[in-house]
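Chains as they are written, first to last, in my numbering: chain G, 1 to 287; chain B, 1 to 258.
It is worth saying that the hints were derived from the structure and are not from the lab.
Don't take every hint at face value.
Claimed, not checked - Calculated pairs, EDC-like style, for lysine to aspartate or glutamate (alpha carbon to alpha carbon, straight line, at most 20 Å): (1) B:K141 - G:E233; (2) G:K102 - B:D118; (3) G:K102 - G:D150; (4) B:K141 - B:D173; (5) B:K137 - G:E107; (6) B:K137 - B:D118.
Just so we're clear, the structure is a prediction, and the values are computed from it rather than from any experiment.
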Amino acid sequence: MTPSLSLPLAALNIGLPDVLQSGILQYGFMQRAMTAGVLTGVLCAVVGVFVVHRGLSFMGAGISHASFGGVALGAWLGVNPLAGALVFCLLVAWSIGWISLKTQVREDTAIGIFFASTMALGILLVGYSPPLQRELLAYLFGSILSVSVDDLVFISLAGGLVLALLGWFGKELLFTIFDPDGAVVAGIPANRYYFLLITLVTFTLVISIKVAGIVLVPALLVTPAAAASQLSERFGIILLLSTLFGLAATLGGLVLSYLFNTPSGATIVLLITFLFLLASLVARLRK
Amino acid sequence: MSPTVTPVDIRDLTVTLGGLAVLDNVSLTIAQGEFLALLGPNGAGKSTLLKVIGGLLTPDSGSVRVFGREPGRPGTNPVGYMPQAGAINPRFPISARGVVMMGRYPALGPGRYPRSADRAAVAQALSAVGAENLATKPLAKLSGGQRQRVFLARALVNNPDLLLLDEPTAGMDTQAVEQFYSLIRGLRDQGKAVVVVSHDIGVVAPQVDRVACLNRRLVAHGLPGQVLDQHVLESMYGCDAMLFTHGDHPHMVVNRHK
């Protein structure tokens, strides 16, 4: 398996010295990468605010890792790996949700069980799927520079759907993540909205795998929202700041990875983590 | 409000949680304009009963009707609910006004955002609890008592016919408790039915019209002065207990080492 892994590594570090001499947006792959970065950066940052304030960060990490099993299953079955990941992750997310609502098993325990077992399934299946072995690193750590036009269409449509649903059900989701009991008494079915939220989270994560990768995408979801929450006590402002941080990190990370020839997913994640530390520092100084 | 429909009508209610009977064969009605306290020790099932009335828990057997309907399906008779202080994240990024506005969400429905009528209702509810000056304050900046008033405003924002209050004065000082209950009695006088859950008999008993004493079963139900005798307190707390009064303030003395 090892020799085939060198290919995607090269793709991650796409040879940039000659690219550096000309404009960053002159290249089609860079334009597509920037567009994908903007779309997923905004999407993750907006959904992330709901995730962070509902305490679903670990759920995000769990579902994202489950997508490794989904990608492998898709490849093994001969369907599009991302489509496989989407269906598989939805089943995992709904199972975790059902277990935590209907049984004595806590949500974090259910996530812990699925986190590892779905990765294990992926590792088993990867052995049977030579094409996936070649793409493995791209799925694990992202390959934003290899985003295709088809990928962009998928990201736009699915991401647009997630944002539209968030806009339509936003205030109900806000009520149910803040006070689920109060929402139920008022006539808003909190459990259904919990399932809606984990469904939107699943779509968001799978959409963003290409950009940041399975291992790194939870940071894109959680960290901009966490940084924004340090700076405001208003949900609307946090949504706005989180979006700005998400945008700054994906675009800034891409430019930095281009300038310093570093892996883009990792650069984006380290940049957003830096923004989080900065926001924490600012919050502390303001007190 | 239709005067003929009983706000709360509970018959032979049994609820089990995790295989344990939390409420056993409880029957209770709450009339319009009645201010009732559900009393009992921790684990007696008071909060469970409130949750059943609010539609948060489904009974294992027996029937519960809230204004003649299944609980949790507010129709023309809105139900206002105040959660226990501990059930809420006090650092959630929302203003006092935002909390109260949530009470308007169900009637608005998905896809529709608040309009001027909703903003007026929110302002009115905040001023009804004397919290108009807190409107723009973030929840995290409110004291415990202020927070409880804001949640009461949310419970009131649809002019409900039934109020469900879960340990509403926990963490308040004596003066705030007095103010809070005088506010609630005013609402009762407007014809609203009010149910308050409390483990603190001494604080609540003098404030309410009737008490229902629970210890999985309904131990006693009636006027506080008539019901809260030594026999009832013993059945409720399972130990020697005595309620005595200093002026208006009853105190309970419990002897656990009888």
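Do the hints match the structure? See the list:
no.	hint	verdict
1	B:K141 - G:E233	holds (9 Å)
2	G:K102 - B:D118	violated (36 Å)
3	G:K102 - G:D150	violated (39 Å)
4	B:K141 - B:D173	holds (18 Å)
5	B:K137 - G:E107	violated (33 Å)
6	B:K137 - B:D118	holds (19 Å)
When held up to the earlier numbered hints, the structure conflicts with 2, 3 and 5 and fits the remainder.
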